[in-house]
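Peer 1: Letter by letter, the chains look like this.
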Amino acid sequence: MIMSRRWAQGALRLLPLIIVLAAWQAASASGVLPKSLMPSFAAVVLALEGLLYSGELASNTLASFARAGAGFGIAVAVGVSLGILMARVRVVQLAVEPILLLIYPVPKPALIPLFMIWLGIGNFSKIAVIALGCLLPIVVATFNGARSVDTVLLWSARARGTSERRLLWRVVLPASLPQIAAGVRTAIAIAIILLVSSEFISSDAGLGYLIFAYGGVGADDAMLAVVLYLAILGYLLDRLYLLGLRRAMSWHAFAH
Amino acid sequence: MGSAVTRIVPIGLLLLMWEVITRAGWINPFVFPPVSEIAVRWVALLADGTMFRPLMETLWRALLGLAAAIVVGVPLGLLMGRVRWAEWFFEPLFSFAFPLPKIALIPLYVNWFGLFSFSKVMLIFTDCLFPIVLFTYHGARGMSRVYEWSALARGTGRLRLLWRVVLPMSLASIYDGVQVAVVVAVLVAVVTEMVSGGGGLGTMMIRAYRYGDVRTAFAALVTISLIGYLLYRAAQLLRARLLFWHVADAQP
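Each protein sequence line maps, in turn, to chains A and B.
Just so you know, we're using this note's numbering here: the first sequence kicks off at 1 and counts up by one.
Just so you know, we're using this note's numbering here: the second sequence kicks off at 1 and counts up by one.
Keep in mind the hints are simulated off the structure, nothing from the lab.
A hint or two may mislead.
Output of the computed footprint for chain B on chain A, the stretches with three or more beta carbons under 8 Å from beta carbons of chain B [to be verified]:
(1) 89-100
(2) 184-193
(3) 196-210
A few chain A residues that don't get close to chain B, going by computed Cβ distances all over 10 Å [what the hints assert, rightly or not]:
(4) Arg5
(5) Arg13
(6) Pro137
(7) Gly161
Note that beta-carbon positions come from the ideal geometry of N, C-alpha and C, so glycine has one too.
So that you can see chain A by itself, here it is in the shape it has in the complex:
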C-alpha cells in the first residue's frame, strides 16, 4: 500500500521530464525543430544504443573513470587525514590553513593550463587537477567535523585509557563522518566538472573527449547521446552514494 503510493509519487515527479522529452520528439517529427539545429530524441537514443553496442562508450567510460577515480581517491585519502590532523594538531593547522586560504578562491578549472605545463597533457595533469579540486571540500568538511566532535566522547574514550592515535581512528573519524560525507558529495560533483573540462581541453580518450569529438564533426545525435549518458551516470552515481551512505551510517546519531 505504502510502496505503491511511493511509486505513484515517483512517477508523478518523472512525468514533467517525460513531457519535455515527448515535446522534443514531437517537435522534431513535425519539423518544427529542424534536424540541423537538433536531432530528434529518438535519434539520440538510437545513437546511444549504437555507442553502447560498439563498446566505444565502455572503453571511454573506463578511461574517464580511471582518471576521476584516481584523483578522487587521492583527494579522499589525503583530505580526510589532513582534515583530522588539522583539527587535532595545532602545528598542522597553522601550516595548512594559509595554503587552503590561498587556493580556495581559485576557480579550479583555471588550474588546468598550469598543470598541463607542469605535468604534460596526459593523465597526470588531469588526475592532479581533479585531486586538488576535490581535496578542498573534503579537507574543510573533515576539519569542521573533527573540530566539533562531542568532547564527552573524547573524555569517555580517554578515561578508558584509549591512546591518542587510537582516539583519532576510533572516535574522531567516525564522529565526523556526517560532515565528511557531505564534503565527499560536493567533491563528486566537482570531479565530474573537472574531468569533462580537462578532457575538452586536451585528450584522446574519455567521455569529455567523445562529446567534443562528435560535436566537432557535426554528429550531433552521437554527441547528445554521450551527454545524456553522462547525465544519467552522474545522477546514478549520486543516488548510489546517498543510498550507500544511508546504509553505512545507520548507526550514527544523525541518521535517526
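Start from chain A and add chain B according to the hints.
Peer 2: Same frame as chain A, but now just chain B:
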C-alpha cells in the same frame, strides 16, 4: 581586525617560503617561478594593457550571463513557489538537472549560438539559472504564512502580494542563490574561453600554456581568482546594504 592579521601573516609567511625555496634553486624556475617574478609579470601585464582586454571580456560575459539568469530565474522561482502546477512541472526538472555538469553542453551551444561570445554567455546563463531558480523557489515556498495572511487581511491584491510581500521575504534566499551563481559565472566563463577560445582570461591562459609561459599563466590565474573573490565580496557587501532589515539577516 585581529582575525584579518592572523589570516594575512601566515599567508605572507607562506609566500615568503615560496620565494626562498624557488630562489634557492631547488625547483626549476622555468617550471615554478618565484612569487615575486609572478607579481612583477602581473603588474607589467596590467600596466601595458595586455591584461585589460581579456579581463574585461571575461567580466562582461560572466556578468551578462549572471544578470540574464537573475532576470529569468527569480520570476520563475517565485512562480514555482506560489503556483501549484508550476511547482509540479518545473521543480523535478530543475532538481534533476542541477547537479549535472552543464559545461558538457559547450559543443551543443557552439552549434546553436556560434563560436563567439553569445554561446559563452548563454552557457553562463544556463549554469547560473539553476542555483537562482532553486534558491528563489525554496525562499518563496518556505516563507512564513503569517505575513501573507496579514497582508491579505488588509485587502492586498494577488499581484501586489507577490511584489510587496513574497519577493521581499524571499530576498535572503534569492541572495544565497546569487552568491553561488557569482562563483559559477566566473568559472564557466573561464572554462568556455579555454575550450572554444574567443579571448578573455581563459584563452589567455591556454595561449600562455602553448608558449610554456608559466609567469603569464600564473598572472592570469591570479586575475581570475581576484575577479571571483571580489565579485563574491561585492555581493556580500551589497547584501548587508540591502537586507539589513530582513529577519534572516538581522543581528542577534
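Peer 1: List, from low to high, the hint numbers that the structure doesn't satisfy.
Peer 2: Of the numbered hints, just 5 does not hold.
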